[in-house]
Structure formats: structure tokens, C-alpha cells
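Single-letter residue listing:
Protein chains: 2
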Amino acid sequence: MISGERFSVIYRLISADEQEARQKAWAICLEQTVEFPEELVPAGMIRDDIVGRIEALAPISAGVYQAVISYAVETTANEFTQLLNVVFGNISIKPGIRVERLALPQSLLSQYCGPRFGREGLRELLGVSGRPLLFTALKPMGLSPAQLADMAYKCAMGGIDIIKDDHGLTNQVFAPFRERVTACVAAVEKANARTGRQTIYVPNITAPANEVVARAKLAKTLGAKGVMLSPAITGLAVMKFLADDAEFGLPVISHPAFQGSYVTAHDNGISHFALFGQITRLAGADIVIYPNFGGRFSFSREECQDIARGTCVNMGQIKPIFPSPGGGMSLDRIGELMAVYGNEVIFLVGGGLFKHGPDLEENCRYFLDMVSNFSNTGDN
Amino acid sequence: MISGERFSVIYRLISADEQEARQKAWAICLEQTVEFPEELVPAGMIRDDIVGRIEALAPISAGVYQAVISYAVETTANEFTQLLNVVFGNISIKPGIRVERLALPQSLLSQYCGPRFGREGLRELLGVSGRPLLFTALKPMGLSPAQLADMAYKCAMGGIDIIKDDHGLTNQVFAPFRERVTACVAAVEKANARTGRQTIYVPNITAPANEVVARAKLAKTLGAKGVMLSPAITGLAVMKFLADDAEFGLPVISHPAFQGSYVTAHDNGISHFALFGQITRLAGADIVIYPNFGGRFSFSREECQDIARGTCVNMGQIKPIFPSPGGGMSLDRIGELMAVYGNEVIFLVGGGLFKHGPDLEENCRYFLDMVSNFSNTGDN
Chain A
49 MISGERFSVI YRLISADEQE ARQKAWAICL EQTVEFPEEL VPAGMIRDDI VGRIEALAPI
109 SAGVYQAVIS YAVETTANEF TQLLNVVFGN ISIKPGIRVE RLALPQSLLS QYCGPRFGRE
169 GLRELLGVSG RPLLFTALKP MGLSPAQLAD MAYKCAMGGI DIIKDDHGLT NQVFAPFRER
229 VTACVAAVEK ANARTGRQTI YVPNITAPAN EVVARAKLAK TLGAKGVMLS PAITGLAVMK
289 FLADDAEFGL PVISHPAFQG SYVTAHDNGI SHFALFGQIT RLAGADIVIY PNFGGRFSFS
349 REECQDIARG TCVNMGQIKP IFPSPGGGMS LDRIGELMAV YGNEVIFLVG GGLFKHGPDL
409 EENCRYFLDM VSNFSNTGDN
Chain B
49 MISGERFSVI YRLISADEQE ARQKAWAICL EQTVEFPEEL VPAGMIRDDI VGRIEALAPI
109 SAGVYQAVIS YAVETTANEF TQLLNVVFGN ISIKPGIRVE RLALPQSLLS QYCGPRFGRE
169 GLRELLGVSG RPLLFTALKP MGLSPAQLAD MAYKCAMGGI DIIKDDHGLT NQVFAPFRER
229 VTACVAAVEK ANARTGRQTI YVPNITAPAN EVVARAKLAK TLGAKGVMLS PAITGLAVMK
289 FLADDAEFGL PVISHPAFQG SYVTAHDNGI SHFALFGQIT RLAGADIVIY PNFGGRFSFS
349 REECQDIARG TCVNMGQIKP IFPSPGGGMS LDRIGELMAV YGNEVIFLVG GGLFKHGPDL
409 EENCRYFLDM VSNFSNTGDN
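First to last, the protein sequences are chains A and B.
According to my numbering, the first sequence holds residues 49 to 428 in order.
According to my numbering, the second sequence holds residues 49 to 428 in order.
Here chain A stands alone, though its shape is the one from the complex:
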């Protein structure tokens, strides 16, 4: 029943000394598997293989330790949901434990499809190489489908590659889903016919459990070329289900709404690298949106760089995905940000695109020019 294949999780532990750290690591080994008092754990397979194993433990700074704990792949039952549970189920409730990184063997990775498009597939879909991709959001809530579509048209004419709904647009009376998607798809197609570009419109499909997949399929039927959802609201597994569905087959974008509590406390939760990088890739997103450093949120430059690293760290056949920093981005920072992220990034500029000047289409052109100039490809 036990193959001997194990995966590892690297945890960061807050502990006064090595003895306490070792106790904490051992408590994790029990808690995440048998959840049973140590003295009662049956001998044999359960004690030898199912209980987690401390593979390494080392101090990394005063009062901070790193533990590498391995688990039998069979504990996850080939289920993404149960993988999340083994990695961080009950211990999410214990302070002073943070998931830093997953180390998954090929035998486990091969159970996952990962993102369908990834970086290369998205570039092909959009027909853009050699520069960062441009991304914006339609808002504010309260506008009509016609007003949002007008905005989408201008953004597409101005050269934005991906135009999404604001993540707060679901099915409000102001702009019901079907009407909004129909109008925005038509607007972007009209612009594409003029520009020759392959700009895509991506509606937000975050919705109640019985409606997410239906909205995704409706969006596709109406001509949308991708979907966005907030996996902490719908469930990460719902995102994975959509991404895995070959018949659906559109790019999937992950939005961080309701997900922040996993990363806002330095000593608890999940690292930016693991959550927005590794776990989001396992869950099949092609693009991961997160708040950029220096905007109106509080991620540091280092945390954002960790996310970018997590989006492309080797995970077997699981493709690299695009990091998409947003959240208070302004156009005058493009040069600085390209120095940090390079070309393999999608800049999500929302409000900043509107603030730049009175003509939205002109603002988009300026955004594209900036990015094209800094990437020195001449390709715009």
C-alpha cells in the first residue's frame, strides 16, 4: 500500500531553541497525518510510513528554524484537496508555523495537469513576444454593460493585451453577467478587427458553487477567451477543475481576493512563493495576480520577487505561469518594474491607467510604448 515515494514541505518554525523546534516539527508530523497521541500510534506501516518524518531541522536565525518534513504520497489520495490538507490543514491553526516551499517528486507532480497555457501558450494566444504583457480591469462597479464595453473597446484599441472584469463584478443588477460579457466580447472583437491584435476579454466568474462552471462555460459560448476567479472564495479546487477541463480549454487567471490572510502575518500561513507560485500552478492558473510592492498594499519587493520565482521554479511538467503585479500600479514605474521582473511579467494597471490622462485610449498607447521601449524590442 505504501510505494515509498514521499513529498516534502519546508516549514519555517518560530521556536525558542532547537529542542522546542524539534518538538514542534514532530507535532506537525503527527498532526498532519494520524492526528493521534504519539503513544497510541500503531506500530508498523502507520508509525513507519504514514506519520510524517523530520528529514532536516536547522536554525536560520535567532528563534527561527527550518524543518523539512516528508509525507508518504499515499496520504494525499491523489487529491489536490487532500494535498492541501496534509501540507497545512490543522497546523494552519497553530501560530508560528509557515509553509515556505513544497518539494514534490515526479510521482506526485505527474498527477497534476497544471496550467494549460502557461507563459508560452499565453504568448502564442495573444501573439506577443519579447515584452511584458499589458493587462487592465474594467470598473468601477455600477457602470452599465455598454459603459464597460466602451471602456474595453478603448483599451483594446490602445493596445492592452488582456482586459478583465474588476474582481467585484459578478452578476450585479448594474451589469448582469450575460449582458456584460456579450457587450465586452463584441467591443474587443471590433477593436481587434481594426488593430489586427489578439486582445482578449476575460470575465470574472467567481460565483456560488453551482454557478462557477456554468458561468465559465457561458462566457466561452459568448466568445470570452479566458476567465478569472478568486480561488480563496470559490475554493482552489474549483479553479483546478476548470483548468483541467480540456473541453473548456481557456486560460484561467487567479485573483487574490480573500486570500491575503495566508500571507499577511510573517510567522504564520504560507509563503508568497508557495501560495502564489507553487500552489497556484498546481491549481492550474496561467496567470497569478497579486499586489505589487510600492502600491496601496504592503507586499515587499522581496516578497514579490519570491512570487515571480515561484511562478517558474522547476516543477517537472507543470508549466511556468505569469506573475501579474497590480494594485496601485502607476505607469511611471514601468522602467523600475521591468528591472525587477524582466520581460516575463504581466503588468496589471487599473486605476493608474485612467489617472494618467483624460483619453483612455491614449493612456493605453502610452502604457504600451513605455513597455515596448523598455523591453527594447520595437515590437508593439
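You may find that some hints are simply not true.
The list cannot tell twin chains apart, which means a pair is met if one copy fits it or any two copies do.
[Claimed, not checked] Straight-line distance between alpha carbons at most 25 Å, and here's what the computed SDA-like set of lysine to any residue pairs gives:
#1 142 <-> 313
#2 142 <-> 60
#3 142 <-> 409
#4 265 <-> 198
#5 202 <-> 294
#6 202 <-> 95
Derived from the structure by calculation, the hints contain no laboratory data.
Based on these hints, arrange chain B on the given structure of chain A.
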């Protein structure tokens, strides 16, 4: 388009002074609705009604403020998922903001079914009144269906009211779902036939997105009388979907795995009261499991009392549910815990039940006697 009906969220803000607190509150009003620079928010309905409103702001201690912010009910589109997004979507990423409490008007509450059974319905189903209910978990992972069923039989013979899977048992090769449920249902039915009790077996249905509902229905077909899931893993909305399904119609139990990060940091996240009480009730759970104070987790007695309050605070037609403290409970604490929780509680004792003595059935009887004696009803 705007009814004038608004709901409120009470936030706890970490701010140096009142001016900073007001700025933070106003930033929430914008972030959670229009997500747009203030100066660009269109006049009229959007600025007047859709943008959140600061209804009150007051200091509660040094550097800590409480803000009451109201939102138009229309922003939620009658969707639980979008309600979560308005309450704590993007601001989950901003440190120093905690959701303390929801204040929902009848017009919004009336959109929600809430728990199907609630406290009264569960007592009726189980045929137990006048004392706390007894709850245990089958474990450890690695046991076979026959071994787990044997354990279930002994627990049911000993008088446990609800016997659940450990939350880590999903569909592992050691005890596949169908075989496990079949065996445990039969064992509990056999015991019930002898004792005359109405003990129920509740399998864990936490599973990938396309399998949760299927497992819930399979469990029912196989004779299970309730289901448990970890909503932070499946998505809270998935739990609500099941609870709302009249044809399914079984009690639903919420497990806190992967949910801890919302509550482990005092200055971020969601309060115990709102998350385990109010939000879990909106999501339809009849029982909410959480780690008790004094066990191997770190919730304080006050936080646990807040949870208990949240499970029964007035929410219109949404029924009160059972708080179910677990996580390192030992039998010798029953008296102390009944002084804290009273009779309207479900004691979840896992490992402690096994540790008490070598005879599991006897241990269960002892547990029941303790609870019955302390509740002074003579009803056991």
C-alpha cells in the same frame, strides 16, 4: 437599481491616530466596492450608494479603532461568494484590518437558508435533550475499513452521539471512501439496534471540486446520516450548496482545516466570532468544529466563548448552530468546559477518548456519564 438597503461590517483597524484610522476606513470603502481612485469615482449612484460608507468610527484602545462600514446590498448580487468579497476580498491583503462582526439586515438574511437542522433539529435527529452532545473521530489514517468500523461500533455502543471520520480520511488506499462508509454505517446501525440510541456516522467528504457533491450523495445512499467537510479547502460556497440542497437534506459539519490563517494573527483576518459563528452559519453548517482552549492549539478561552456567542447571535431566521470544541480535549475537563459552554455544545474528543483507558467502549461510557452527571439531567 439601489433599494437603499445596506448591510454593515464592523472592522477593527490598527492605526496610529484617528486621522489615519479614518483614511484607512475610507480606503476600505473604496477598495471593497469600486476599487478606483477616489477622484475618478463617477458622481451619482456610484459615488452616493455603491461606494462603502463610514457609519461610525471610534477608538477602542491605544492604536486600535473600530469602524462600522455599510455597503449597498446590491453590491453582493445576492451571492454568498460576492458577500465574502465585499466583506473581506482585497483588504484581506492589507495588514491591520480585521473583520469583527457582520450586521446584516433582514433583506439580506432572507436570501440565505442557513443551517437546515441547527441546534434543535440536531437534538431531534439524535434524540438527545438536556445535555451536551458527544462527538468523536475515527482514526488514525492507515487503518482499514474493518478496523475503523470496529472503532465506530464500540463508540456507538458506549453512547457517543456523532462519530465522524478524521478530517484526513478522504479516499486513501488504506480505507477507500465507499468501503469505509459502508462498513461504518453498518457498524453504527448494529450498535443502534442494540442500544436503542440514534447515533450517527458522518463521513468526511472533503474532496476535489467535481467529487464533493458526488461523495455527499454516495454517503447518503450508503446510509450515512450527515457529512463533514473542510470549507477552507473545498470553498465555503460548496458547503453552502450542499446545505441548501433540500433533496440532500443531511446535517453538515464544518471542519477548520486550512482555515486557521484567518484567525491566527490578532490584527489581520476575521474574528473567531464572525468566521466560526456568523459566516459558518450563512454557509449552512449545523456544527462548527474548532480547537478548544487549553488543548494543543492556541485559541484562548475568550476566543472560544466568542465562537459560542457567534453560533447563536440573532441572525433573523438563520438558526443557531452547535459549537464543537475539539483538538486535544481530555475527559477530565468536562466539568470545567460545561461551566464555560453550558449544555448547548458538542464535545469533540478524539485521542483523549483512547488515552483514557484500554477499553474504548468503557471510555465512551465514562465520557457520557461525566457529561450526564454534570448536566444533572439524569438523561443518558
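Do the hints match the structure? See the list:
1. 142 <-> 313: both (13 Å within a copy, 10 Å between copies)
2. 142 <-> 60: both (12 Å within a copy, 22 Å between copies)
3. 142 <-> 409: Result: close neither inside a copy nor across copies, 50 Å intra and 31 Å inter.
4. 265 <-> 198: For residue 265 and residue 198, the Cα distance is within 25 Å only inside one copy (24 Å; across copies 46 Å).
5. 202 <-> 294: Answer is neither: 32 Å inside a copy and 47 Å across each miss the 25 Å cutoff.
6. 202 <-> 95: between (63 Å within a copy, 23 Å between copies)
Hints 3, 5, counting from the list given before, are not met by this structure.
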